[in-house]
Amino acid sequence: MEIDINRLDLEFQAKIDSGKTIEPKDWMPEKYRKTHIRQISQHAHSEIVGMLPEGNWITRAPSLRRKVTLLAKVQDEGGHGLYLYSACETLGISRDELFEQLHSGKAKYSSIFNYPAVTWADMGAVGWLVDGAAIMNQVMLTRTSFGPYARAMVRICKEESFHQRQGFEIMLSLCNGTAVQKHMAQESLNRWWWPSLMMFGPRDEESTHTEQAIKWKIKLKTNDELRQQFVDQTVPQIELLGLELPDPAIKWNEERGHYDFGPINWDEFWRVVGGNGPCNRERLAARKEAWEKGAWVREAALAYAEKQENLREAV
Amino acid sequence: MKKEWPVWEVFIRSRSGLDHRHAGSVHAADAKMALENARDVYTRRQEGVSIWVVPSASITASDPEEGGELFEPAKDKVYRHPTFYDLPDELTHM
Ligand SMILES: [Fe+2]
Ligand SMILES: [Fe+2]
Numbered sequence: 001m002e003i004d005i006n007r008l009d010l011e012f013q014a015k016i017d018s019g020k021t022i023e024p025k026d027w028m029p030e031k032y033r034k035t036h037i038r039q040i041s042q043h044a045h046s047e048i049v050g051m052l053p054e055g056n057w058i059t060r061a062p063s064l065r066r067k068v069t070l071l072a073k074v075q076d077e078g079g080h081g082l083y084l085y086s087a088c089e090t091l092g093i094s095r096d097e098l099f100e101q102l103h104s105g106k107a108k109y110s111s112i113f114n115y116p117a118v119t120w121a122d123m124g125a126v127g128w129l130v131d132g133a134a135i136m137n138q139v140m141l142t143r144t145s146f147g148p149y150a151r152a153m154v155r156i157c158k159e160e161s162f163h164q165r166q167g168f169e170i171m172l173s174l175c176n177g178t179a180v181q182k183h184m185a186q187e188s189l190n191r192w193w194w195p196s197l198m199m200f201g202p203r204d205e206e207s208t209h210t211e212q213a214i215k216w217k218i219k220l221k222t223n224d225e226l227r228q229q230f231v232d233q234t235v236p237q238i239e240l241l242g243l244e245l246p247d248p249a250i251k252w253n254e255e256r257g258h259y260d261f262g263p264i265n266w267d268e269f270w271r272v273v274g275g276n277g278p279c280n281r282e283r284l285a286a287r288k289e290a291w292e293k294g295a296w297v298r299e300a301a302l303a304y305a306e307k308q309e310n311l312r313e314a315v
Numbered sequence: 001m002k003k004e005w006p007v008w009e010v011f012i013r014s015r016s017g018l019d020h021r022h023a024g025s026v027h028a029a030d031a032k033m034a035l036e037n038a039r040d041v042y043t044r045r046q047e048g049v050s051i052w053v054v055p056s057a058s059i060t061a062s063d064p065e066e067g068g069e070l071f072e073p074a075k076d077k078v079y080r081h082p083t084f085y086d087l088p089d090e091l092t093h094m
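One line per chain: the protein sequences are C and L, in this order.
If you're matching positions, the first sequence starts at 1 in the working numbering and goes up one per residue.
If you're matching positions, the second sequence starts at 1 in the working numbering and goes up one per residue.
None of these hints come from the bench; they were simulated from the model.
Do not rely on the hints blindly, as some may be mistaken.
[Stated by the list, open to error] Distance condition first, Cα-Cα at most 20 angstroms in a straight line; then the derived PhoX-like pairs of lysine-lysine:
1. C:K31 x C:K20
2. L:K3 x C:K293
3. C:K106 x C:K31
4. C:K215 x C:K31
5. C:K217 x C:K25
6. C:K288 x L:K3
7. C:K307 x L:K32
8. L:K3 x C:K307
Every value quoted in this text rests on a predicted model; they were computed, and no experiment measured them.
Please model the entire structure based on the sequences and the hints provided.
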């Protein structure tokens, strides 16, 4: 039996190495299933919790154009959450269990959403930087080994590009506006810069799952590689906006062919991951409230469906 | 009551003339709601002209473990392909 499992494990890895996808009904190691439930649900929760800071600004968008855009973006994020919950459920966990894990704090979501969106410029910075950082990770995941996850990612990536572009457009308008508006953009960039860099996760030497994740193609690049790529692509964009760099240590390194940047405050990172960021409690409370207050709707719809079914059978 | 809304598989015809293709799934209390949810979740950018929803529980799927036996019989039937037939190069319109 022991040998049998080893053989299955080897065959499984060989299948991934050869570029085949793993589908829900295929045999898979228990650890693969568990890791994927954890990662996909965490990703789904991030999409749903991520609706909160932006949803907060829909009623206060400065024009109708901005309002419909923001509304469409927030709806997309809701859709992304739903694609991912569905992908996760194919691994044999129910939607209710997934919500239960979010509400109890057992499951995590991206820490970036534990920061507040306090000015309109934050709608620009979030789309540009936060969606920008998320896209890099998501593009990589379109080639991941688990079929339903990879397919959800393809769909998501198609939709994400407008999120980042609308964010940059907001920043651009503010930077071309009054001194006060430009200052608002600068202040927002300064606040979101570091948390955005933290989105890629701990440094490679502290990241415990990297090797396994690379074997299963959950990761094709390490946290530090993606972070560097993000800095490299974003610095010229900051310059294009005419804003000051949010980190005085940012400097082109000819030898490396990359931008150097200053040290990240990892204490802050772990504090927010640990539940003590500026908005952790508020975000979770909002999700739980929505779930609890929606209970009667879920129950009523089911009761109605059952009644209609009974009526049909009675005829 | 602690029951979940059932899962429905969603199939979308992206434009007229094409087959419906599996897009993903939704939860819904009944078929009408499943159609509406599928519309909202999978066609926010006019990705479809027609939607089918099917209760997931109604789908019978082949077992990947038995994929070998199931698909093996077609493997040695190369004569089902046009390239199996040796015909002269001069032959046209065939
Ligand atoms: Fe998203
Ligand atoms: Fe997004």
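Here's how the hints hold up against the structure:
1. The straight-line distance between the Cα atoms of K31 (chain C) and K20 (chain C) is roughly 19 angstroms, inside the 20 angstroms bound, and the hint therefore holds.
2. About 16 angstroms separates the Cα atoms of K3 (chain L) and K293 (chain C), which keeps this hinted pair within 20 angstroms; it holds.
3. As the CA atoms of K106 (chain C) and K31 (chain C) are separated by approximately 18 angstroms, the hinted pair is consistent with the 20 angstroms bound.
4. A hinted pair counts as satisfied when its Cα atoms are at most 20 angstroms apart, and K215 (chain C) with K31 (chain C) qualifies at roughly 13 angstroms.
5. The suggested pairing of K217 (chain C) with K25 (chain C) holds, with an alpha-carbon distance near 19 angstroms, which does not exceed 20 angstroms.
6. Proposed proximity of K288 (chain C) and K3 (chain L) is supported: the alpha carbons are some 18 angstroms apart, at most 20 angstroms.
7. Distance restraint check for K307 (chain C) and K32 (chain L): the Cα-Cα separation of roughly 14 angstroms lies within the 20 angstroms cut-off, and the hinted pair is therefore satisfied.
8. Of the pairs offered as hints, the one joining K3 (chain L) and K307 (chain C) holds, with about 15 angstroms between alpha carbons and a cut-off of 20 angstroms not exceeded.
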